[in-house]
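Each chain, written out:
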Amino acid sequence: MDFFGFFKGKKDSSKNAAKERLQLVLIHDRANVSPEFLEMLKGEILEVLSRYVEINHEEFDIRLTRAKSEDGSREVPALVANIPISKMKRPEDFSADRQRECI
Amino acid sequence: MGEVIVITSGKGGVGKTTTSANVGTALSLIGKKVVLIDTDIGLRNLDVVLGLENRIVYDVVDVVEKKCRPNQAMIKDKRFDGLYLIPAAQTRDKNAVTPEQMRELCDSLKNEFDYVIIDCPAGIEQGFKNAISGASKALVVTTPEVSAVRDADRIIGLLEANEIRDIKLIVNRLRVDMVKKGDMMNVDDILDILAVGLIGVVPDDEDIITSTNRGEPAVTNEKSKAGAAYRNIAKRITGEDVPIMDLSGDNAFVAAIKKIFGVKQ
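In order, the protein sequence lines correspond to chains A and B. Counting in my numbering, the first sequence runs from 1 upward without gaps. Counting in my numbering, the second sequence runs from 1 upward without gaps.
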């Protein structure tokens, strides 16, 4: 244990704030992803998923974050989506939707 | 055959010109033949940092426009054997030079010099494109601030996109007292974020200001900590393995005690 660090209250230090803010801003800089792009992605994912499940649109959230690469050697951008399902559609429901689309 | 190294940062005011002057001078002090090229056209400064401002006749734009030969534009530093400067033009703009012209100039100079060091302007526009076009290596200068680190990240991406793979980082103006208090990112924090190799850490040092006032690079001052850091960077450029300076400010005894108690530096 870092005996001296314990008294310094390192968690609140401004350098940690700097590092965390930088890491977040660089995810977006590096991925070169615009908010419009994310909205488009969100719209299309919703469209596909809605055919099979009912989704709570208000709480649907998709964001860019970072994750460790599979071999754990570096950080890579990752898309993380939180999709609350309010109801599963039954097979006959989505086959009915299909038929309606065909007509 | 010499090497062409661009010194760049993205953000202005982090010490590109000071680094160019000191690294160039330090390389000449260890016997290398060095030419510095100031590519900050319209905002020429490397001449005044080096104390060579009164000796300019031709500049880099005159060279690429073939108004003079490269040797005519080169100012030989009389204090340091083997150090030369090609100054920027002051009355033109970045568009007066093209990347092709810069590449041609660098290619011809590296036959004659051990190191061609290019002082890049701030920004990512034409001046940056010109400065990096002839380079095979890059030193990215940053300071431990969010804005400088963010811009360094962008610059590293652009260098890689331009096929410059040999990129090393200089962390400049580190305030040891603030790092100790946890009020400034330390070198490891910055390396975590940027994922690039480190070639040197330069402490914040008043000697940089006083030496620049006089036009004498800090590397000539034996007492200057920043000067020592730049001399080490020059050695690392030549391939010598020099450990990164301990900037904790502790003497060996205190450092040993701290090690026993497991205090992180």
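Simulated from the structure, these hints should not be mistaken for laboratory data. Please read these numbers as outputs of a predicted model, since none were measured by experiment. Hints are supplied without guarantee of correctness; some may be wrong.
Unchecked claim - The calculated lysine-lysine pairs, modelled on DSS-like cross-linking and capped at a C-alpha distance of 27 Å, are:
1. B:235 with B:225
2. A:15 with B:67
3. B:11 with A:15
4. A:15 with B:137
5. B:32 with A:19
6. B:180 with A:19
7. B:33 with B:76
8. B:78 with B:33
9. A:15 with B:235
10. B:180 with B:225
11. B:180 with B:11
12. B:168 with A:68
13. A:89 with A:19
14. B:168 with A:19
15. A:15 with B:181
16. A:19 with B:181
17. B:33 with B:137
18. B:11 with B:78
What the hints assert, rightly or not - Covered, in the sense of this in silico footprint (three residues per stretch, anywhere, with C-beta under 8 Å from a C-beta of chain B), are these stretches of chain A:
19. 12-20
20. 23-36
Where a beta carbon is used, it is the ideal one built from N, C-alpha and C, also for glycine.
Hint-by-hint comparison with the structure:
1. B:235 with B:225: Satisfied, since the Cα-Cα distance of roughly 15 Å is no more than 27 Å.
2. A:15 with B:67: violated (51 Å)
3. B:11 with A:15: holds (20 Å)
4. A:15 with B:137: violated (30 Å)
5. B:32 with A:19: Not satisfied, since the Cα-Cα distance of roughly 39 Å exceeds 27 Å.
6. B:180 with A:19: Since the Cα atoms of residue 180 (chain B) and residue 19 (chain A) sit roughly 16 Å apart, the hinted pair holds (cutoff 27 Å).
7. B:33 with B:76: holds (11 Å)
8. B:78 with B:33: Holds, at about 13 Å.
9. A:15 with B:235: Since the Cα atoms of residue 15 (chain A) and residue 235 (chain B) sit roughly 31 Å apart, the hinted pair is violated (cutoff 27 Å).
10. B:180 with B:225: Judged against 27 Å, a Cα distance of about 18 Å means the pair holds.
11. B:180 with B:11: With a Cα-Cα distance of about 25 Å, the restraint between residue 180 (chain B) and residue 11 (chain B) holds, given a limit of 27 Å.
12. B:168 with A:68: Cα-Cα ~23 Å, so holds.
13. A:89 with A:19: Since the Cα atoms of residue 89 (chain A) and residue 19 (chain A) sit roughly 44 Å apart, the hinted pair is violated (cutoff 27 Å).
14. B:168 with A:19: Distance of about 20 Å is within 27 Å: holds.
15. A:15 with B:181: The given pair, whose Cα atoms are some 9 Å apart, holds under the 27 Å limit.
16. A:19 with B:181: holds (15 Å)
17. B:33 with B:137: holds (17 Å)
18. B:11 with B:78: violated (32 Å)
19. 12-20: It holds, with 6 qualifying residues against the three required.
20. 23-36: It holds: at least three residues are needed, and the region 23-36 of chain A offers 5 whose Cβ sits within less than 8 Å of chain B.
The structure shown violates the earlier hints numbered 2, 4, 5, 9, 13, 18.
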